[in-house]
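K.L.:
Going down the list, the protein sequences come from chains D and B. Mapping the first sequence onto the numbering used here, position 43 (from 1) lands on 43, and the numbers just tick up by one. Just add 120 to the spot in the second sequence (first one is 1) and you have the numbering used here.
No lab work stands behind these hints, which were simulated from the structure alone. Here the structure is a predicted model, which means the values were calculated and not measured. Wrong hints could be hidden among the right ones.
Said to hold, decoys possible - Here's a subset of chain B near chain D, in silico, CB distances under 10 Å, partners left out:
#1 162
#2 163
#3 175
Stated by the list, open to error - Straight-line alpha carbon distances no greater than 27 Å define the calculated DSS-like cross-link-like pairs of lysine-lysine that follow:
#4 B/186 <-> B/237
#5 B/186 <-> D/66
#6 D/42 <-> B/186
#7 D/66 <-> B/162
Claimed, not checked - Quick look at which bits of chain D chain B covers, simulated, 3 or more residues with Cβ under 8 Å:
#8 43-51
#9 54-64
#10 102-112
In this text, a Cβ means the ideal position worked out from N, Cα and C, and glycines have one as well.
Protein chains: 2
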Amino acid sequence: MNPNAYPYKNEPTWSRSEKAIARTAFDAALGRELHEVVQETKRRASQIRQSSDLWDLEHYLTECRKQIDRKYDYRYSRLTDVFGRLLYEGRVSEDELSGLRGDKLESIRSFAEFLAKDAA
Amino acid sequence: MNPNAYPYKNEPTWSRSEKAIARTAFDAALGRELHEVVQETKRRASQIRQSSDLWDLEHYLTECRKQIDRKYDYRYSRLTDVFGRLLYEGRVSEDELSGLRGDKLESIRSFAEFLAKDAA
Numbered sequence: 001m002n003p004n005a006y007p008y009k010n011e012p013t014w015s016r017s018e019k020a021i022a023r024t025a026f027d028a029a030l031g032r033e034l035h036e037v038v039q040e041t042k043r044r045a046s047q048i049r050q051s052s053d054l055w056d057l058e059h060y061l062t063e064c065r066k067q068i069d070r071k072y073d074y075r076y077s078r079l080t081d082v083f084g085r086l087l088y089e090g091r092v093s094e095d096e097l098s099g100l101r102g103d104k105l106e107s108i109r110s111f112a113e114f115l116a117k118d119a120a
Numbered sequence: 121m122n123p124n125a126y127p128y129k130n131e132p133t134w135s136r137s138e139k140a141i142a143r144t145a146f147d148a149a150l151g152r153e154l155h156e157v158v159q160e161t162k163r164r165a166s167q168i169r170q171s172s173d174l175w176d177l178e179h180y181l182t183e184c185r186k187q188i189d190r191k192y193d194y195r196y197s198r199l200t201d202v203f204g205r206l207l208y209e210g211r212v213s214e215d216e217l218s219g220l221r222g223d224k225l226e227s228i229r230s231f232a233e234f235l236a237k238d239a240a
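Just chain D, with the same shape it has in the complex (with noise of 0.2 Å):
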């Protein structure tokens, strides 16, 4: 057996220089989205009047960890998905991509635009 292999089909195999790239750009992503969870966490704190905006504070940030664990997936199996939806919401830009395979860049697109689609 060739341990080079991919198991699965269909699912792209990912070269060394790749990874790097990918997790790069994964991490910036991340990095970006978490700092602006952190500006809008200090700005809702110094807006704080009354205990109901206590527990709204509470209620946005248990939604950005479960949404941000969703959203930040670094599975090889899942990360076209994972960068079509960063494309998307415009949190990693082609640039940063650049360096990956073409069937993968394609595949990041066209989630991307599926997603654009579906939102529409």
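Got chain D; can you put chain B on it based on the hints?
P.N.:
Chain B only, in chain D's frame:
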């Protein structure tokens, strides 16, 4: 049947003036505790440096909400224990409770002492 007779044995009735005193003391303690949580939330939010600080804040808020929900139970059948705990925690003063009947103050002090011994 006497409509003023309280249906449960050993549970004191609350006169109109006692209810007013209880409500004021209860709301004041709750307001102070919520104010503390607001201040602590603002302090923590201002010091967020990394994502784990976000989820620590979320956890802190969840725990506060649950604990406050449990503690501030305004049922007359529970109120002497509620004030006993608030007295033990220093969240209500004997002054704020003055005007309650002697047997209630005794129950309140007795539960506060029980909690103090339990914690020791």
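K.L.:
None of the hints should be skipped; say for each whether it holds.
P.N.:
Taking the hints in turn, this is what the structure says about them:
For residue 162 of chain B, the interface hint holds, the least distance from its beta-carbon to any beta-carbon of chain D being 5 Å, beneath 10 Å. This hint holds: residue 163 of chain B has a C-beta 9 Å from the nearest C-beta of chain D, less than the 10 Å allowed. Given the 10 Å rule on beta carbons, the hint for residue 175 of chain B holds: about 6 Å separates it from the nearest Cβ of chain D. The straight-line distance between the Cα atoms of residue 186 of chain B and residue 237 of chain B is roughly 24 Å, inside the 27 Å bound, and the hint therefore holds.
With a CA separation close to 20 Å, the supplied pair residue 186 of chain B and residue 66 of chain D stays within the 27 Å bound. As the CA atoms of residue 42 of chain D and residue 186 of chain B are separated by approximately 23 Å, the hinted pair is consistent with the 27 Å bound. Between residue 66 of chain D and residue 162 of chain B the CA atoms are separated by roughly 23 Å; this keeps the pair inside 27 Å, and the hint holds. Residues of the stretch 43-51 of chain D lying with their CB closer than 8 Å to a CB of chain B number 5, which satisfies the three-residue condition for coverage.
As drawn, the stretch 54-64 of chain D meets chain B at 7 residues by the rule of a beta-carbon pair under 8 Å; at three or more, the given contact holds. Note: the stretch 102-112 of chain D has 0 residues with beta-carbon separation from chain B under 8 Å; the three-residue rule is not met and the coverage is violated.
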